[in-house]
Amino acid sequence: MITKIQEAKVLRTFSKGGVHPAEQKLSADKAIEKAGLPKQVSIPIAQHIGAPSTPVVKKKDQVKAGDVIAQSQGFVSSNIHSSVSGTVAKIDQVIDASGFRKPCAVINVEGDEWADGIDTSADLIRDITLSAEEIRQKVLEAGIVGMGGATFPSHVKLSVPEGKEVDTLIINGVECEPYLTSDHRVMLERAEEMLVGIRILMRALGVEKALIGVEHNKPDAIAHLKNMVEGEEGMEVYGLKVKYPQGGEKQLIQALLDREVPSGGLPLDVGVVVHNVGTALAVYEAVQKNKPLIERVVTVTGKSLAKPANLLVRIGTPVKDLIEAAGGLPEDTGKVVSGGPMMGKALQTLDVPVVKGTSGILVIPEKEAKRTPEMHCIRCSRCVTVCPMGLEPYLLKQLAQQERYEELEEQSVLDCIECGSCSFTCPAHLPLLDYIRLGKSHVNQIIRNRKSK
Amino acid sequence: MNNKVLTVSPSPHVYENTTVRKLMYGVVIALLPTLAWSVMTFGIGAIIVTLVSVVSCILFEYLIQKFLLKRQPTISDGSALVTGLLLAFNVPANLPVGIIIIGALVSIGIGKMSFGGLGTNPFNPALVGRVFLLISFPAQMTSWPIPKGFNTGYVDAQTGATPLGLLQEKGEATVSQVMESAPSYSDLFYGQMSGSLGEMAGFVLIIGLIILLYLRIISWHIPVSIILSTGIFTGILWLADPTQYADPLFHILTGGLLLGAIFMATDYVSSPMVPKAMWIYGVGIGLLTVIIRVFGSYPEGVSFAILVMNAFVPLLNRYIKPRRFGEEVQDGQ
Numbered sequence: 001m002i003t004k005i006q007e008a009k010v011l012r013t014f015s016k017g018g019v020h021p022a023e024q025k026l027s028a029d030k031a032i033e034k035a036g037l038p039k040q041v042s043i044p045i046a047q048h049i050g051a052p053s054t055p056v057v058k059k060k061d062q063v064k065a066g067d068v069i070a071q072s073q074g075f076v077s078s079n080i081h082s083s084v085s086g087t088v089a090k091i092d093q094v095i096d097a098s099g100f101r102k103p104c105a106v107i108n109v110e111g112d113e114w115a116d117g118i119d120t121s122a123d124l125i126r127d128i129t130l131s132a133e134e135i136r137q138k139v140l141e142a143g144i145v146g147m148g149g150a151t152f153p154s155h156v157k158l159s160v161p162e163g164k165e166v167d168t169l170i171i172n173g174v175e176c177e178p179y180l181t182s183d184h185r186v187m188l189e190r191a192e193e194m195l196v197g198i199r200i201l202m203r204a205l206g207v208e209k210a211l212i213g214v215e216h217n218k219p220d221a222i223a224h225l226k227n228m229v230e231g232e233e234g235m236e237v238y239g240l241k242v243k244y245p246q247g248g249e250k251q252l253i254q255a256l257l258d259r260e261v262p263s264g265g266l267p268l269d270v271g272v273v274v275h276n277v278g279t280a281l282a283v284y285e286a287v288q289k290n291k292p293l294i295e296r297v298v299t300v301t302g303k304s305l306a307k308p309a310n311l312l313v314r315i316g317t318p319v320k321d322l323i324e325a326a327g328g329l330p331e332d333t334g335k336v337v338s339g340g341p342m343m344g345k346a347l348q349t350l351d352v353p354v355v356k357g358t359s360g361i362l363v364i365p366e367k368e369a370k371r372t373p374e375m376h377c378i379r380c381s382r383c384v385t386v387c388p389m390g391l392e393p394y395l396l397k398q399l400a401q402q403e404r405y406e407e408l409e410e411q412s413v414l415d416c417i418e419c420g421s422c423s424f425t426c427p428a429h430l431p432l433l434d435y436i437r438l439g440k441s442h443v444n445q446i447i448r449n450r451k452s453k
Numbered sequence: 001m002n003n004k005v006l007t008v009s010p011s012p013h014v015y016e017n018t019t020v021r022k023l024m025y026g027v028v029i030a031l032l033p034t035l036a037w038s039v040m041t042f043g044i045g046a047i048i049v050t051l052v053s054v055v056s057c058i059l060f061e062y063l064i065q066k067f068l069l070k071r072q073p074t075i076s077d078g079s080a081l082v083t084g085l086l087l088a089f090n091v092p093a094n095l096p097v098g099i100i101i102i103g104a105l106v107s108i109g110i111g112k113m114s115f116g117g118l119g120t121n122p123f124n125p126a127l128v129g130r131v132f133l134l135i136s137f138p139a140q141m142t143s144w145p146i147p148k149g150f151n152t153g154y155v156d157a158q159t160g161a162t163p164l165g166l167l168q169e170k171g172e173a174t175v176s177q178v179m180e181s182a183p184s185y186s187d188l189f190y191g192q193m194s195g196s197l198g199e200m201a202g203f204v205l206i207i208g209l210i211i212l213l214y215l216r217i218i219s220w221h222i223p224v225s226i227i228l229s230t231g232i233f234t235g236i237l238w239l240a241d242p243t244q245y246a247d248p249l250f251h252i253l254t255g256g257l258l259l260g261a262i263f264m265a266t267d268y269v270s271s272p273m274v275p276k277a278m279w280i281y282g283v284g285i286g287l288l289t290v291i292i293r294v295f296g297s298y299p300e301g302v303s304f305a306i307l308v309m310n311a312f313v314p315l316l317n318r319y320i321k322p323r324r325f326g327e328e329v330q331d332g333q
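The listed protein sequences correspond, in order, to chains A and B. Going letter by letter, the first sequence gives residues 1 to 453 in my numbering. Going letter by letter, the second sequence gives residues 1 to 333 in my numbering.
Calculated from the structure, these hints are not laboratory results. Be aware that one or more of the hints could be misleading.
Stated by the list, open to error - Pairs of lysine-lysine, PhoX-like flavour, derived with a Cα cap of 25 Å:
no., chain 1, residue 1, chain 2, residue 2
1, A, Lys303, A, Lys30
2, B, Lys4, A, Lys243
3, A, Lys307, A, Lys16
4, A, Lys367, A, Lys138
5, B, Lys276, A, Lys367
6, B, Lys321, A, Lys16
7, A, Lys39, B, Lys4
8, A, Lys243, B, Lys70
9, A, Lys370, A, Lys30
10, A, Lys370, B, Lys321
11, A, Lys307, B, Lys321
Every value quoted in this text rests on a predicted model; they were computed, and no experiment measured them.
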């Protein structure tokens, strides 16, 4: 056991702010289970940041698992594949996690036939035969996006632009969101494949060094990975102090390398590319097994849930199927969140499909689902203390409320990573992040207008 | 299963278990050791003054909110209780009831409610009340009971000068001559001297500071910067001429310095938001305190120093910004 004092000395972390929400990793010791096939899937044809893809199937088309159903458009975009075999019922508007209706391919599941060329065996293939360019192509074709939740197309992050130099790949196994355990389980159960995936990512980027960052509340994963990377050249595993939002890209880079991504910049600006552990696994499957991203591990959890679980789920499966598999929706349910409790999105309906960025489904009991009435700000400065970006949330909220957007921009509102630490800690229960988000969207709009002039 | 009505709200979906009320009652807990010690030092007077102050602060807040502002009274948030305790701590333990009630009315009515209530008052309400009383009732506010435990008595208590008062009136005498009649350091530390109800005993105030820090109610910046800067400024004077100026430890342990640094200057609403600004604020309070004590006509200056620096807080908040993550490195670095 590492004592608190030793922990503070030994373990790295980011320097500014941060909070300690209760960890609640209820499903940490639950092995990944294959979820049963759903009757119907709704696969959104845009599951990533960037240009939406164009559907290439129509009603009544027969598809197999792994067939492309929507083609990527432009560089920052991604392919979408069918996750099941069956018949396309319709291309329809379906409510997704954002609460808006989005075009989806609705497919009736018939059997479980996979497209030709996909290696569905469990054999580990270590030898990497493809070149960097071929790897990028493969990642693009397989529709891989950041699986930590940001869903940025991965092949873009593997293409280092002219004039930039990357020396380190960071693998994000922090999983700092309370409740979520999908990355934890992947690191424990799929480490070998993940490490090959990391090797592939290193080749694509042309780097010699890969650092895997894992928070210290997963000692088994740290020990396991440390064991596995023994003899793997250039790979190192680091245990990190438990502090939210350590899994934020900028925070993780600072924790591991003591480099600060400049305001408005990208990890590339400090010679780093960050990928999530789930993404590394998906890259392995795409490059070595020819398998596109059509399923992922999703944590289904909640205090009242009968059987919290980590499920391997086909993309497009409705959330209600997952909750059913975890023991059904508890009586006292007040809110269902896609993602973790700090940054996840509350769902309107349980028909919302699982997408590539769905890391967890969290069922929150009624008594914790509603916000407490807000009071007046008492200027306690807790929000300033916890902000990992060095911002002043109380001021940003005030400026956003008063529609003072120019000042909002001057006060670096766009640096906000929306981690929610300010709202989390506020003793007056002020909806700080709500207003900051609103302010950000206005400021972004103003900047776009300025550019277009 | 789909008939269930789900709550939809933006993230985050979990909250820290902090409330304004918890923070305020945390301050009350931190004040309790000092209160207990004051009762043991000043007896019945400490009890009467504290009770009257607390009850009238809460009552005035209730009456003003209910009948003048016509709002839902918020006395249960604990902030009026804290103001009442702090006002009591800042007056002599033999202060007549009527004067305390006036002090409470000024604290709550003028110091807090006239600006809009909790969260909007630019000055520490208890200090507004205290300074009002000091100017309006200088005789009663500067007749300090001599501590004799439970036998001290109330308005009939024997009174004596505070250590800083002795220093102020020394005239041609040297500091060391004054020090002979002043209490020893251990008396100062344990509060065996004349002074306001809650200001005299260093050790209980430091216990309060530890409680505040442990409960994460305040950060260390303001108390440390005030105590450190007072020590440094008086230390410079003392080193320059030990016959004319008292030593830093004497200045730190006397008057309301510790009470001010730990409980008064750290008032959330009237203190800065950013550590850098807290340092400027704290050093400003230290400097002003020393100037008033050493060169001014009042023996004690912590209250004035805090009120003056309170006035600078909006400016500090506006111009002193935390270092942003990823901010461009300035020239010369």
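Each hint tested on the structure:
Taking the CA atoms of Lys303/A and Lys30/A, the gap is near 15 Å; set against the 25 Å cutoff, the hint holds. As the CA atoms of Lys4/B and Lys243/A are separated by approximately 34 Å, the hinted pair breaks the 25 Å bound. This hinted pair does not check out: Lys307/A and Lys16/A have alpha carbons roughly 37 Å apart, beyond 25 Å. Taken as a hint, the Lys367/A and Lys138/A pair is broken in the structure, with Cα atoms around 47 Å apart against an allowance of 25 Å.
Distance check on the hinted pair: Lys276/B and Lys367/A sit about 40 Å apart at the alpha-carbon level, beyond 25 Å; violated. Our distance criterion of 25 Å between C-alpha atoms is met by Lys321/B and Lys16/A, whose separation comes to about 14 Å. Distance check on the hinted pair: Lys39/A and Lys4/B sit about 22 Å apart at the alpha-carbon level, within 25 Å; holds. Pair hint Lys243/A plus Lys70/B does not hold up; C-alpha atoms about 44 Å apart against a cutoff of 25 Å.
Between Lys370/A and Lys30/A the alpha-carbon distance is near 29 Å, which puts this suggested pair outside the 25 Å criterion. Among the hinted pairs, Lys370/A with Lys321/B is inconsistent with the structure: their alpha-carbon atoms are about 34 Å apart, more than 25 Å. In summary, the hint linking Lys307/A to Lys321/B is not supported, as the alpha carbons are separated by about 48 Å, beyond the 25 Å threshold.
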